[in-house]
Amino acid sequence: DAGVIQSPRHEVTEMGQEVTLRCKPISGHNSLFWYRQTMMRGLELLIYFNNNVPIDDSGMPEDRFSAKMPNASFSTLKIQPSEPRDSAVYFCASTPDSSIYGYTFGSGTRLTVV
Amino acid sequence: SQQGEEDPQALSIQEGENATMNCSYKTSINNLQWYRQNSGRGLVHLILIRSNEREKHSGRLRVTLDTSKKSSSLLITASRAADTASYFCATLSGGSYIPTFGRGTSLIVHP
Numbered sequence: 001d002a003g004v005i006q007s008p009r010h011e012v013t014e015m016g017q018e019v020t021l022r023c024k025p026i027s028g029h030n031s032l033f034w035y036r037q038t039m040m041r042g043l044e045l046l047i048y049f050n051n052n053v054p055i056d057d058s059g060m061p062e063d064r065f066s067a068k069m070p071n072a073s074f075s076t077l078k079i080q081p082s083e084p085r086d087s088a089v090y091f092c093a094s095t096p097d098s099s100i101y102g103y104t105f106g107s108g109t110r111l112t113v114v
Numbered sequence: 001s002q003q004g005e006e007d008p009q010a011l012s013i014q015e016g017e018n019a020t021m022n023c024s025y026k027t028s029i030n031n032l033q034w035y036r037q038n039s040g041r042g043l044v045h046l047i048l049i050r051s052n053e054r055e056k057h058s059g060r061l062r063v064t065l066d067t068s069k070k071s072s073s074l075l076i077t078a079s080r081a082a083d084t085a086s087y088f089c090a091t092l093s094g095g096s097y098i099p100t101f102g103r104g105t106s107l108i109v110h111p
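Going line by line, the protein sequences match chains Z and S. Start counting the first sequence at 1; every next residue gets the next number (my numbering). Start counting the second sequence at 1; every next residue gets the next number (my numbering).
Incorrect hints may have been included.
Within a straight-line C-alpha distance of at most 25 angstroms, the following computed SDA-like cross-link-like pairs (lysine to any residue) qualify [claimed, not checked]:
| hint | chain 1 | residue 1 | chain 2 | residue 2 |
| --- | --- | --- | --- | --- |
| 1 | Z | Lys24 | S | Val44 |
| 2 | S | Lys26 | Z | Met40 |
| 3 | S | Lys56 | Z | Pro96 |
| 4 | Z | Lys78 | S | Thr100 |
| 5 | S | Lys26 | Z | Arg41 |
| 6 | S | Lys26 | Z | Ser58 |
| 7 | Z | Lys24 | S | Leu48 |
| 8 | S | Lys26 | Z | Asp57 |
| 9 | S | Lys26 | Z | Leu45 |
| 10 | Z | Lys68 | S | Arg41 |
| 11 | Z | Lys68 | S | Ser96 |
| 12 | S | Lys70 | Z | Arg41 |
| 13 | Z | Lys78 | S | Arg41 |
| 14 | Z | Lys68 | S | Gly95 |
| 15 | Z | Lys24 | S | Asn38 |
| 16 | Z | Lys78 | Z | Val12 |
| 17 | S | Lys56 | Z | Ile100 |
| 18 | Z | Lys24 | Z | Leu46 |
| 19 | Z | Lys24 | S | Ser39 |
| 20 | Z | Lys24 | S | His45 |
| 21 | S | Lys56 | S | Thr100 |
| 22 | Z | Lys68 | Z | Thr38 |
| 23 | S | Lys26 | Z | Thr38 |
| 24 | Z | Lys78 | Z | Pro61 |
| 25 | Z | Lys68 | Z | Ser27 |
| 26 | Z | Lys68 | S | Ile98 |
| 27 | S | Lys69 | Z | Ile100 |
| 28 | Z | Lys78 | S | Ile98 |
| 29 | S | Lys26 | S | Ile98 |
| 30 | S | Lys56 | Z | Thr104 |
| 31 | S | Lys26 | Z | Leu46 |
| 32 | S | Lys26 | Z | Asp56 |
| 33 | Z | Lys24 | Z | Asn52 |
| 34 | S | Lys70 | Z | Glu44 |
| 35 | Z | Lys24 | S | Gly40 |
| 36 | Z | Lys78 | Z | Pro54 |
| 37 | Z | Lys68 | S | Thr100 |
| 38 | Z | Lys78 | S | Tyr97 |
| 39 | S | Lys26 | Z | Ile100 |
Since the hints were derived computationally from the structure, they do not count as laboratory data. Please read these numbers as outputs of a predicted model, since none were measured by experiment.
Extracted from the complex, chain Z is given alone in its bound form:
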């Protein structure tokens, strides 16, 4: 199994541009999480999907952020328009539908908004 796959690994964009981050969870994992990591705030949960349905999006900063999971093998996180304060590393993680397993993280997307 290739693990959780995120793309791109690095993204540099200009303020105001749209950014789309992608995630492919591990097959059979029906819970998916998007996290953002910064030095100032640490790891912040953005949104949690279960069986492709958004369960908790209370961590989504504002309307500029949106996330979708059209099927069990793909999720996107979109920022439109992007701002310099969105610069961070964005992680996707997945787990089987049980709290007895740990979470498998992707390698992350390092986003820089200039």
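The hints should help you fit chain S onto chain Z, whose structure is shown.
Just chain S, lined up with the frame of chain Z:
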């Protein structure tokens, strides 16, 4: 708000020494998990300990859980330079499947 808080924030030791990191939390938990993050990489799951367990081992790792004190410790024995990383604890409470992460302990092991 983040439930788990690791202590110390940073730890610097020599290869071969033991490293101990602590995690404190505020509310009752179902389980507590420890993760490692190497620089520029994602988090890697190390150990999960349930609320009814007191100690778990995995190779050179030993995790303890004291629910009366709402704290856990991660011990890495005979540390190696390759153990240099940040270590995070994450807690799961109630019926939630959403892990809450602490700020992490940055461990540096000098060869």
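Each hint tested on the structure:
With a CA separation close to 17 angstroms, the supplied pair Lys24 of chain Z and Val44 of chain S stays within the 25 angstroms bound. For the hint linking Lys26 of chain S to Met40 of chain Z, the alpha-carbon distance of about 21 angstroms falls within 25 angstroms, and the restraint holds. For the proposed pair Lys56 of chain S and Pro96 of chain Z, the alpha carbon gap of about 22 angstroms is at most 25 angstroms, so the pair holds. Straight-line distance between C-alpha atoms of Lys78 of chain Z and Thr100 of chain S comes to about 23 angstroms, which keeps the hinted pair within the 25 angstroms bound.
Distance check on the hinted pair: Lys26 of chain S and Arg41 of chain Z sit about 19 angstroms apart at the alpha-carbon level, within 25 angstroms; holds. A hinted pair counts as satisfied when its Cα atoms are at most 25 angstroms apart, and Lys26 of chain S with Ser58 of chain Z qualifies at roughly 21 angstroms. With a C-alpha separation of about 24 angstroms, the suggested pairing of Lys24 of chain Z with Leu48 of chain S holds against the 25 angstroms cut-off. The straight-line distance between the Cα atoms of Lys26 of chain S and Asp57 of chain Z is roughly 23 angstroms, inside the 25 angstroms bound, and the hint therefore holds.
With a CA separation close to 18 angstroms, the supplied pair Lys26 of chain S and Leu45 of chain Z stays within the 25 angstroms bound. For a cut-off of 25 angstroms, the pair hint linking Lys68 of chain Z to Arg41 of chain S stands: about 24 angstroms separates their Cα positions. For the suggested pair Lys68 of chain Z and Ser96 of chain S, the alpha carbons sit about 21 angstroms apart, so the restraint of at most 25 angstroms is met. Our distance criterion of 25 angstroms between C-alpha atoms is met by Lys70 of chain S and Arg41 of chain Z, whose separation comes to about 23 angstroms.
A distance of roughly 21 angstroms separates the Cα atoms of Lys78 of chain Z and Arg41 of chain S; the hinted pair therefore holds under the 25 angstroms criterion. Distance check on the hinted pair: Lys68 of chain Z and Gly95 of chain S sit about 24 angstroms apart at the alpha-carbon level, within 25 angstroms; holds. Between Lys24 of chain Z and Asn38 of chain S, the direct Cα distance comes to roughly 21 angstroms. Compliance with the 25 angstroms bound is thereby established for this hinted pair. A threshold of 25 angstroms between alpha carbons decides the hint, and for Lys78 of chain Z with Val12 of chain Z the separation of about 14 angstroms falls inside it, so the pair holds.
At roughly 14 angstroms between alpha-carbon atoms, Lys56 of chain S and Ile100 of chain Z fall within 25 angstroms of each other, so this suggested pair holds. A C-alpha spacing of about 17 angstroms is found between Lys24 of chain Z and Leu46 of chain Z, which places the hinted pair at or below 25 angstroms, so the restraint holds. Using a Cα cut-off of 25 angstroms, the hinted pair Lys24 of chain Z and Ser39 of chain S holds, with the two alpha carbons roughly 22 angstroms apart. This hinted pair checks out: Lys24 of chain Z and His45 of chain S have alpha carbons roughly 18 angstroms apart, not beyond 25 angstroms.
About 21 angstroms separates the Cα atoms of Lys56 of chain S and Thr100 of chain S, which keeps this hinted pair within 25 angstroms; it holds. Using a Cα cut-off of 25 angstroms, the hinted pair Lys68 of chain Z and Thr38 of chain Z holds, with the two alpha carbons roughly 23 angstroms apart. Distance hint between Lys26 of chain S and Thr38 of chain Z is fulfilled; the C-alpha atoms sit about 23 angstroms from each other, no more than 25 angstroms. Of the pairs offered as hints, the one joining Lys78 of chain Z and Pro61 of chain Z holds, with about 12 angstroms between alpha carbons and a cut-off of 25 angstroms not exceeded.
Proximity of Lys68 of chain Z to Ser27 of chain Z is assessed by CA-CA distance (about 17 angstroms); at most 25 angstroms being required, the pair is judged to hold. Using a Cα cut-off of 25 angstroms, the hinted pair Lys68 of chain Z and Ile98 of chain S holds, with the two alpha carbons roughly 18 angstroms apart. The straight-line distance between the Cα atoms of Lys69 of chain S and Ile100 of chain Z is roughly 22 angstroms, inside the 25 angstroms bound, and the hint therefore holds. Distance hint between Lys78 of chain Z and Ile98 of chain S is fulfilled; the C-alpha atoms sit about 21 angstroms from each other, no more than 25 angstroms.
Pair hint Lys26 of chain S plus Ile98 of chain S holds up; C-alpha atoms about 16 angstroms apart against a cutoff of 25 angstroms. For the suggested pair Lys56 of chain S and Thr104 of chain Z, the alpha carbons sit about 20 angstroms apart, so the restraint of at most 25 angstroms is met. With a CA separation close to 22 angstroms, the supplied pair Lys26 of chain S and Leu46 of chain Z stays within the 25 angstroms bound. Under the criterion of a C-alpha separation no larger than 25 angstroms, the hint pairing Lys26 of chain S with Asp56 of chain Z is consistent with the structure, at around 21 angstroms.
The straight-line distance between the Cα atoms of Lys24 of chain Z and Asn52 of chain Z is roughly 12 angstroms, inside the 25 angstroms bound, and the hint therefore holds. Under the criterion of a C-alpha separation no larger than 25 angstroms, the hint pairing Lys70 of chain S with Glu44 of chain Z is consistent with the structure, at around 22 angstroms. A threshold of 25 angstroms between alpha carbons decides the hint, and for Lys24 of chain Z with Gly40 of chain S the separation of about 19 angstroms falls inside it, so the pair holds. The suggested pairing of Lys78 of chain Z with Pro54 of chain Z holds, with an alpha-carbon distance near 15 angstroms, which does not exceed 25 angstroms.
A C-alpha spacing of about 22 angstroms is found between Lys68 of chain Z and Thr100 of chain S, which places the hinted pair at or below 25 angstroms, so the restraint holds. For the hint pairing Lys78 of chain Z with Tyr97 of chain S, the CA-to-CA distance comes to about 23 angstroms; that is within 25 angstroms, so the pair holds. Straight-line distance between C-alpha atoms of Lys26 of chain S and Ile100 of chain Z comes to about 21 angstroms, which keeps the hinted pair within the 25 angstroms bound.
When held up to the earlier numbered hints, the structure conflicts with none and fits them all.
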